[in-house]
Amino acid sequence: MTKIRLPLALLSLFALTACSAPPGTWGWYVIDPSTPAGWTNITFLLRGFSATIQISVLAAVASIIIGLLVALPAFARSRWLRLPNRIYVEFIRAIPLLPMLFWVFYGLPVVLRSIGLDVNIDPFWGAVITLAVSDSAFTAEIFRSGIQAVPRGQAEAAQTIGLTRAQAMRYVILPQAVRRILPPLANQFIYIVKMSAFASVIGMAELTRRANELVVTEYRPLEIYTLLILEYLVLVLIISAGVRWLERKMNADESR
Amino acid sequence: MANINQGKHAVTMAQVSKWYDDFQVLRDITLTVDHGEKLVICGPSGSGKSTVVRLLAGLETHQEGTIKLYGQPVDAQGRGDVGMVFQQFNLFPHLSVLDNLILGPMRALGMPRQEARDRAMAYLERVRIPEQAGKRPGQLSGGQQQRVAIARSLCMDPKLMLFDEPTSALDPEMIAEVLDVMEDLARDGMTMICVTHEMGFARRVADRIAFMDAGEMVEVDPPEIAFSAPKSARFAQFLDKILKH
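For the protein sequence lines, the chains are A and B, in the order given. Position 70 of the first sequence, counting from 1, maps to 70 under full-length UniProt numbering, and the rest follow consecutively. Position 245 of the second sequence, counting from 1, maps to 245 under full-length UniProt numbering, and the rest follow consecutively.
Be a bit skeptical, because a hint or two may be false.
To spell it out: a stretch of chain B is covered by chain A in this simulated footprint if at least three of its residues, at any positions, have a beta carbon under 8 Å from a beta carbon of chain A; those stretches are [what the hints assert, rightly or not]:
1) 84-91
2) 148-156
3) 165-174
4) 187-195
These are calculated hints, taken from the structure and not from any lab test. Ideal Cβ positions, reconstructed from N, Cα and C, are used throughout, including at glycine.
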């Protein structure tokens with residue numbers, strides 16, 4: 001219920017502002033689907049969903065894979081194997097997203113060219129790489145804490161029935177850690193969706209970029225940015241609903 | 001038994017000492033356990049008795065002295081050769097009882113699934129709960145869970161079984177069902193080292209009883225001596241306390 005109350009409150013805030021504002025404050029005609037011009041504008045804005053979703057999903061999947069690869073050495077016995085994990089997490093976590101985006105988009109191709117790789121990074125992949133790497137430091141910490149939360153006796157029991165450490169991780173620890181990892185991981189996915197808006201500054205025509213472009217030609221920032229916020233709201237609510245469904249399913253599995 | 005010639009004793013510990021930082025948990029432990037012997041270790045909490053079995057299970061390391069199992073170091077044992085039963089059962093809660101049992105044979109021994117299942121069902125019969133094979137550990141009583149844990153160890157066909165206070169987390173009415181299973185196992189000739197305060201079990205099953213206090217192995221006696229004429233005052237006091245109830 002609380003999950004529904006917040007968007008409702010936001011919507012009523014918008015409605016209240018809209019009704020109580022003096023005439024001329026709002027100009028919804030700019031995205032009124034019943035007029036040809038409004039219809040053109042609104043479809044232009046909504047087409048941004050495709051890029052935002054693609055960037056977010058690819059970045060999230062990559063972040064999970066990188067995060068797991070970064071988290072696993074944290075459980076090595078050797079201090080030297082654990083060190084790269086700490087360095088990666090502390091270093092990546094310290095870089096703000098926007099500077100990293102600039103570095104990847106403008107700087108990384110130069111680095112790659114200098115080592116003989118003639119790769120051009122387009123805005124789409126620039127955004128995916130940046131979001132994935134930036135987020136992977138947090139994903140790695142989520143994996144680490146989720147794995148550490150599994151009682152030590154589980155790993156000990158696995159050892160006494162002859163499993164190697166890798167087998168214990170795969171068959172005993174990770175399946176139990178997933179339940180603890182999933183909710184914070186979903187939060188990170190929501191974070192990625194929202195941070196994908198930064199891709200607009202390197203020229204990716206996702207939701208935010210399209211809104212910006214329309215504002216420049218239509219001079220209706222209030223209406224267009226209001227719609228933009230609602231677009232992100234819809235995405236995030238869908239993700240939250242998906243996660244709750246998944247959690248319920250896993251709880252049902254556990255008590256079966 | 002094929003492995004009976006691999007080392008004169010099943011377990012040999014010589015002058016084993018262990019510290020946690022500055023705190024010494026084991027002092028010069030020297031102990032041998034013969035093939036097929038049943039040893040019960042008792043002593044007040046914090047005496048180091050759990051640490052001894054955890055060392056033998058390879059779950060901890062020591063700083064001084066030598067430990068040999070069947071003439072070999074602990075880390076040179078075959079996979080699952082040393083079975084361990086924990087106070088808290090430590091069953092895998094996300095797997096069914098049957099899957100708990102076949103995991104080791106399949107992944108550590110490379111046994112085909114059908115063979116592992118047959119073996120698992122045989123051991124579930126032996127601990128008298130074959131009908132629970134499809135359930136999750138969380139749906140079983142404590143006594144049933146501990147019997148599953150014993151069966152899980154047995155599925156690896158261990159040479160030596162270690163028990164670390166296997167009945168201490170159980171309600172009184174479930175202790176007997178677990179001890180019964182352990183007595184069956186003892187009758188079949190399994191080499192067993194058991195940390196427990198169940199003195200009735202010790203009297204019926206143990207070949208020798210070891211008493212530990214403050215990290216030392218104070219004395220090791222056959223039960224008839226332990227219960228009638230303990231050599232040390234500390235052991236006598238300890239027995240007096242726990243047998244009163």
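Here's how the hints hold up against the structure:
Interface restraint, the stretch 84-91 of chain B with chain A: holds (5 residues with C-beta to C-beta distance below 8 Å; minimum three). Given a C-beta distance limit of less than 8 Å, the hint that chain A covers the stretch 148-156 of chain B holds, as 5 residues qualify and 3 suffice. A count of 0 residues in the stretch 165-174 of chain B with a Cβ less than 8 Å from any Cβ of chain A is obtained; the coverage claim is therefore unmet, three being the minimum. Only when three residues or more bring their CB closer than 8 Å to a CB of chain A does the claim for the stretch 187-195 of chain B stand; here the count is 0, and the claim is violated.
Checked against the numbered hints listed earlier, the structure breaks hints 3, 4; every other hint is satisfied.
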